[in-house]
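There are 2 protein chains.
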Amino acid sequence: MLLRMSTLLLRTLREEPADAEVPSHRLLMRAGFIRRAAPGGHTWLPLGKLVLDRVTAVVRDEMAAAGGQEVSFPALLPREPFDLSGRWTEYGDDIFTLRDRRGADHLLAPTHEEMFTLLVQDMTGSYRDFPLLLFQIQTKFRDEARPRGGLLRGREFLMKDAYSFDLDDDGLIATYARMRAAYQRVFQRLGLAHTIVSAVSGAMGGSASEEFLATAEVGEDTFVGCPGCGYAANTEAVVTPVPPAPPVPAPALAVHDTPDTPTIAALVELANRRRLEGRDDWTAADTLKNVVVTVHRPGHEDEVVAIGVPGDREVDLTRVAAALAPATVTLFDDFDSRPDLVKGYIGPQGLGIRYLADPRVAPGTAWLTGANRAGRHATGVVAGRDFTPDATIEAADVRAGDPCPACTGGTLTIRRGIEIGHIFQLGRRYTDIFGVEVLGADGRPVRPTMGCYGIGLSRAVAAIAEQHHDERGLIWPAAIAPADVHIVAAGRDGQVEAALSLGATMARAGVRVLVDDRPNVSAGVKFTDAELIGIPRSVVVGRRLPEGYAELRDRHSGERREVPLVDIAGVITGTLG
Amino acid sequence: MLLRMSTLLLRTLREEPADAEVPSHRLLMRAGFIRRAAPGGHTWLPLGKLVLDRVTAVVRDEMAAAGGQEVSFPALLPREPFDLSGRWTEYGDDIFTLRDRRGADHLLAPTHEEMFTLLVQDMTGSYRDFPLLLFQIQTKFRDEARPRGGLLRGREFLMKDAYSFDLDDDGLIATYARMRAAYQRVFQRLGLAHTIVSAVSGAMGGSASEEFLATAEVGEDTFVGCPGCGYAANTEAVVTPVPPAPPVPAPALAVHDTPDTPTIAALVELANRRRLEGRDDWTAADTLKNVVVTVHRPGHEDEVVAIGVPGDREVDLTRVAAALAPATVTLFDDFDSRPDLVKGYIGPQGLGIRYLADPRVAPGTAWLTGANRAGRHATGVVAGRDFTPDATIEAADVRAGDPCPACTGGTLTIRRGIEIGHIFQLGRRYTDIFGVEVLGADGRPVRPTMGCYGIGLSRAVAAIAEQHHDERGLIWPAAIAPADVHIVAAGRDGQVEAALSLGATMARAGVRVLVDDRPNVSAGVKFTDAELIGIPRSVVVGRRLPEGYAELRDRHSGERREVPLVDIAGVITGTLG
Numbered sequence: 001m002l003l004r005m006s007t008l009l010l011r012t013l014r015e016e017p018a019d020a021e022v023p024s025h026r027l028l029m030r031a032g033f034i035r036r037a038a039p040g041g042h043t044w045l046p047l048g049k050l051v052l053d054r055v056t057a058v059v060r061d062e063m064a065a066a067g068g069q070e071v072s073f074p075a076l077l078p079r080e081p082f083d084l085s086g087r088w089t090e091y092g093d094d095i096f097t098l099r100d101r102r103g104a105d106h107l108l109a110p111t112h113e114e115m116f117t118l119l120v121q122d123m124t125g126s127y128r129d130f131p132l133l134l135f136q137i138q139t140k141f142r143d144e145a146r147p148r149g150g151l152l153r154g155r156e157f158l159m160k161d162a163y164s165f166d167l168d169d170d171g172l173i174a175t176y177a178r179m180r181a182a183y184q185r186v187f188q189r190l191g192l193a194h195t196i197v198s199a200v201s202g203a204m205g206g207s208a209s210e211e212f213l214a215t216a217e218v219g220e221d222t223f224v225g226c227p228g229c230g231y232a233a234n235t236e237a238v239v240t241p242v243p244p245a246p247p248v249p250a251p252a253l254a255v256h257d258t259p260d261t262p263t264i265a266a267l268v269e270l271a272n273r274r275r276l277e278g279r280d281d282w283t284a285a286d287t288l289k290n291v292v293v294t295v296h297r298p299g300h301e302d303e304v305v306a307i308g309v310p311g312d313r314e315v316d317l318t319r320v321a322a323a324l325a326p327a328t329v330t331l332f333d334d335f336d337s338r339p340d341l342v343k344g345y346i347g348p349q350g351l352g353i354r355y356l357a358d359p360r361v362a363p364g365t366a367w368l369t370g371a372n373r374a375g376r377h378a379t380g381v382v383a384g385r386d387f388t389p390d391a392t393i394e395a396a397d398v399r400a401g402d403p404c405p406a407c408t409g410g411t412l413t414i415r416r417g418i419e420i421g422h423i424f425q426l427g428r429r430y431t432d433i434f435g436v437e438v439l440g441a442d443g444r445p446v447r448p449t450m451g452c453y454g455i456g457l458s459r460a461v462a463a464i465a466e467q468h469h470d471e472r473g474l475i476w477p478a479a480i481a482p483a484d485v486h487i488v489a490a491g492r493d494g495q496v497e498a499a500l501s502l503g504a505t506m507a508r509a510g511v512r513v514l515v516d517d518r519p520n521v522s523a524g525v526k527f528t529d530a531e532l533i534g535i536p537r538s539v540v541v542g543r544r545l546p547e548g549y550a551e552l553r554d555r556h557s558g559e560r561r562e563v564p565l566v567d568i569a570g571v572i573t574g575t576l577g
Numbered sequence: 001m002l003l004r005m006s007t008l009l010l011r012t013l014r015e016e017p018a019d020a021e022v023p024s025h026r027l028l029m030r031a032g033f034i035r036r037a038a039p040g041g042h043t044w045l046p047l048g049k050l051v052l053d054r055v056t057a058v059v060r061d062e063m064a065a066a067g068g069q070e071v072s073f074p075a076l077l078p079r080e081p082f083d084l085s086g087r088w089t090e091y092g093d094d095i096f097t098l099r100d101r102r103g104a105d106h107l108l109a110p111t112h113e114e115m116f117t118l119l120v121q122d123m124t125g126s127y128r129d130f131p132l133l134l135f136q137i138q139t140k141f142r143d144e145a146r147p148r149g150g151l152l153r154g155r156e157f158l159m160k161d162a163y164s165f166d167l168d169d170d171g172l173i174a175t176y177a178r179m180r181a182a183y184q185r186v187f188q189r190l191g192l193a194h195t196i197v198s199a200v201s202g203a204m205g206g207s208a209s210e211e212f213l214a215t216a217e218v219g220e221d222t223f224v225g226c227p228g229c230g231y232a233a234n235t236e237a238v239v240t241p242v243p244p245a246p247p248v249p250a251p252a253l254a255v256h257d258t259p260d261t262p263t264i265a266a267l268v269e270l271a272n273r274r275r276l277e278g279r280d281d282w283t284a285a286d287t288l289k290n291v292v293v294t295v296h297r298p299g300h301e302d303e304v305v306a307i308g309v310p311g312d313r314e315v316d317l318t319r320v321a322a323a324l325a326p327a328t329v330t331l332f333d334d335f336d337s338r339p340d341l342v343k344g345y346i347g348p349q350g351l352g353i354r355y356l357a358d359p360r361v362a363p364g365t366a367w368l369t370g371a372n373r374a375g376r377h378a379t380g381v382v383a384g385r386d387f388t389p390d391a392t393i394e395a396a397d398v399r400a401g402d403p404c405p406a407c408t409g410g411t412l413t414i415r416r417g418i419e420i421g422h423i424f425q426l427g428r429r430y431t432d433i434f435g436v437e438v439l440g441a442d443g444r445p446v447r448p449t450m451g452c453y454g455i456g457l458s459r460a461v462a463a464i465a466e467q468h469h470d471e472r473g474l475i476w477p478a479a480i481a482p483a484d485v486h487i488v489a490a491g492r493d494g495q496v497e498a499a500l501s502l503g504a505t506m507a508r509a510g511v512r513v514l515v516d517d518r519p520n521v522s523a524g525v526k527f528t529d530a531e532l533i534g535i536p537r538s539v540v541v542g543r544r545l546p547e548g549y550a551e552l553r554d555r556h557s558g559e560r561r562e563v564p565l566v567d568i569a570g571v572i573t574g575t576l577g
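Protein chains in written order, with this note's numbering: chain A, 1 to 577; chain B, 1 to 577.
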């Protein structure tokens with residue numbers, strides 16, 4: 001491959017693009033890898049397409065090595081199978097749907113569990129046909145409420161989705177482990193530092209599930225780790241240890257006049273000033289904060305519920321939504337319409353709506369909380385005595401320093417990451433729905449069990465850019481750089497010709513070469529562009545050309561050295577080979 | 001590559017699939033290359049995906065060789081650019097449209113003229129940035145009224161679309177010629193016998209346009225050829241020579257009682273029997289047939305118009321629609337609502353609706369035609385004297401033996417083909433719409449001129465299957481076969497092991513190998529499957545294994561010969577190399 005910048009569709013930008021929020025988006029735009037084309041949709045320009053293709057090739061290679069067979073399904077599918085699985089409703093506004101000219105409902109499928117299940121049902125009959133591991137690489141569409149971060153969260157993106165079918169749970173566990181290892185190899189080859197975290201599975205259903213998060217400050221996913229035991233989990237998946245029951249029974253419930261205390265801080269201040277229950281050591285942790293939310297369950301009417309967490313915590317709506325998936329959750333704010341909900345003075349006792357409590361609101365715990373009348377709070381409100389939550393859910397935010405749920409004495413750290421992969425043990429959710437059965441070795445019918453495995457390919461490109469850049473531009477890992485070497489012709493007599501000749505020699509040796517042969521562009525601009533584009537090695541054909549020397553530069557280390565022109569190809573192919 | 005049929009997702013079918021109408025669809029389904037997944041949508045199974053990938057690689061290779069740069073646009077796009085170009089309305093029901101969660105209109109773009117134009121406007125500024133040739137390989141969606149023929153006409157398909165930008169007409173003509181040559185190389189490499197025909201450009205707009213038609217009986221496109229001069233054209237593009245004006249003026253218009261003559265045959269019979277105008281040599285060619293149609297113009301109200309052709313011809317609605325594109329046309333049949341249109345007795349004289357005439361209805365020609373009253377016809381109805389068509393359009397069917405429009409004395413033959421490629425000289429339609437201007441070499445603004453160039457990749461697979469099969473199955477050209485060699489282990493002691501060992505040796509030498517190592521499958525079934533799957537060469541490891549021999553079979557010629565096992569790899573790689 002020999003690309004010439006004089007003809008390449010490329011326009012680097014010196015200025016920050018106005019609508020780019022994160023480094024990967026800014027740099028991929030500035031270096032001419034992508035261009036915005038639609039809300040949440042980007043065009044891959046030639047350099048970007050080369051990187052995307054290399055990322056795709058790595059994934060395809062590892063999927064084949066793991067025994068995967070590549071297929072390709074339509075993206076536009078009729079509604080029926082998704083009605084059967086319930087996902088048509090569950091995904092709600094998050095998917096794009098349309099009606100065809102005959103009035104039939106279709107969707108742009110977010111993933112293909114239903115279709116793979118139906119295909120396997122159609123094409124297998126016996127235990128001899130298993131195990132099966134199938135994958136496809138496909139453009140996916142999702143109607144994101146808030147596309148952001150360029151390629152990080154778009155409405156159209158490239159994804160590899162794979163589905164495994166095993167005859168029994170041991171088979172699924174073995175396949176899952178094989179795919180987990182394949183994913184580790186993929187991300188290692190892509191140069192992506194990542195953490196594998198436990199995850200809840202959301203609308204996909206199923207049991208065991210892990211996410212591969214590329215560590216990045218701009219990541220949308222918050223995850224916790226325990227340096228002591230190695231535990232790692234998505235915050236949605238963190239399980240809060242239930243506190244032991246208190247040794248002493250709490251005093252009886254008592255209602256107090258607490259005017260002007262709609263906030264926890266004001267309430268604590270008053271409680272100490274008034275010495276409620278004779279105490280002056282009240283803290284926010286002694287209070288019970290009750291937050292009213294609206295739960296939107298696809299296909300059902302909205303429901304207003306209250307969520308209780310200790311007053312020193314916030315309700316984490318992402319964790320609540322994960323606990324209630326596929327429902328989504330928003331803060332309730334129409335208190336005028338509900339005089340029974342006294343804002344700032346809500347308590348779980350005698351409340352007329354469903355009440356969901358954090359695990360810390362355990363049976364026997366006593367709380368200072370609202371009395372459901374304006375300007376009134378109650379002390380000694382005991383869980384299990386004065387009120388009983390309708391359910392316990394993970395509702396409070398997770399904080400650095402919280403106890404590790406997996407070991408004794410460990411505490412959690414918190415980091416951010418970009419979800420680049422997700423693997424699930426789906427189990428028999430879909431084979432149950434479609435009644436898939438094959439003949440077992442013993443002559444009895446067997447229902448296969450499934451796994452599913454996704455990698456966001458376009459998102460991976462962004463994640464790599466997040467992890468591999470500096471203030472001057474991108475620094476691609478060699479395995480996925482758009483070219484192996486960037487030859488810069490400084491521009492004077494004969495330098496362009498020499499650069500092109502050198503490039504042609506290397507291209508014949510199988511090296512992927514980008515030559516900056518642009519006329520009327522200064523050497524300084526070319527150097528700046530080379531650093532912005534970020535090909536790992538560059539060769540400057542410049543002022544020492546008459547002596548037979550060129551300069552070899554390493555984008556990562558910044559190292560520069562003069563090398564005889566006749567040796568350059570050997571040095572590059574040697575280091576590449 | 002070493003594929004083992006024991007684990008491959010493959011189920012060949014002995015019986016004809018019920019819903020497959022054409023050989024390629026039947027055989028691709030039976031041989032396990034594709035599977036139906038949705039109305040007008042198919043899943044590529046592993047063997048089919050391999051073929052599609054090889055076809056794609058050939059196209060990508062030739063596009064790069066022609067100077068094309070690969071990019072990738074979103075498929076889902078906002079309405080606005082397509083409103084500006086008029087294509088949102090023009091395509092009407094043929095495209096899929098949807099509303100996103102914010103209520104904004106989007107479409108799944110059938111092609112990307114608007115977006116490429118906007119990209120080039122965005123990324124260029126000077127004549128130095130030209131010429132540009134850009135392409136993408138993308139899944140396309142069209143809401144086909146009648147999906148048919150499996151991959152031949154689906155609602156979701158893979159396409160390569162390319163767009164060229166030149167500064168002047170000479171540049172466009174040169175680029176067009178280069179792409180035309182590249183297309184010929186592509187189809188030659190794909191083993192597709194094809195004809196290049198002149199075409200009208202339909203809804204795409206623009207001037208010069210040619211189609212590449214793969215000759216096939218099941219093709220939807222009818223095209224004509226002149227063996228004398230080499231002229232070839234889509235029937236929609238055939239230009240009818242205008243007959244010379246008649247030497248003698250026609251008698252005056254006369255109306256006759258012609259009861260019970262709603263058909264041309266009945267009218268001719270009556271005219272001869274009654275000796276109208278004193279003649280008894282009336283033929284259908286002397287009559288003027290007037291067919292009423294409804295013209296559907298996107299964004300406009302439907303219009304009822306009459307179309308006149310000589311009575312010995314039929315109105316070809318495909319040709320009429322091409323002439324009126326982007327309008328579509330259907331036969332009008334609601335005569336009850338229009339008492340002014342007297343079915344069977346319509347004539348152009350004094351007709352209250354627009355009248356479009358075939359070129360044969362030239363000024364001075366005289367006709368026997370309806371008198372617009374029940375049971376009445378008129379003789380001596382002269383074009384230009386008694387009526388004047390509102391327009392002349394190509395309306396009549398084209399027939400074998402018709403005079404060639406390109407030479408003197410030649411006559412046309414008619415064949416059918418599958419449109420596998422289409423190239424257009426678009427001109428400045430889109431650069432005008434978006435006001436694209438760049439700085440010319442002389443300092444003045446220049447408006448670039450465009451070409452666009454499409455290849456249906458999934459359709460090409462079907463076309464190859466149409467041209468390369470026999471009654472036993474597919475016969476892939478070597479360049480795009482799913483494997484280079486198909487090794488069949490007949491099944492007895494050691495044969496499977498020997499076949500796998502031979503396959504591994506060849507795979508290491510870079511040969512793409514499919515091994516039929518299925519246990520519990522008879523040699524006969526394996527041979528039948530091998531012929532159905534159609535890999536050009538197969539090796540049977542069978543009864544002469546103990547003597548060190550295997551049988552080499554050629555799927556195309558049927559030739560079989562015994563070859564020492566130790567020589568097989570050499571023979572195969574030698575012939576491949």
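Check the hints yourself; a few may be wrong.
[To be verified] Examples of chain B residues toward chain A, derived with CB under 10 Å: (1) ASP53; (2) ALA65; (3) GLY67; (4) HIS300; (5) ASP302; (6) VAL305.
Hints were generated in silico from the structure; no laboratory data involved.
All residues carry an ideal CB built from backbone N, CA and C; glycine is no exception.
Practice prompt. Quick one: which hint numbers does this structure break? Sort them smallest to largest.
Written response: Failing hints, ascending: 2, 4, 5, 6.
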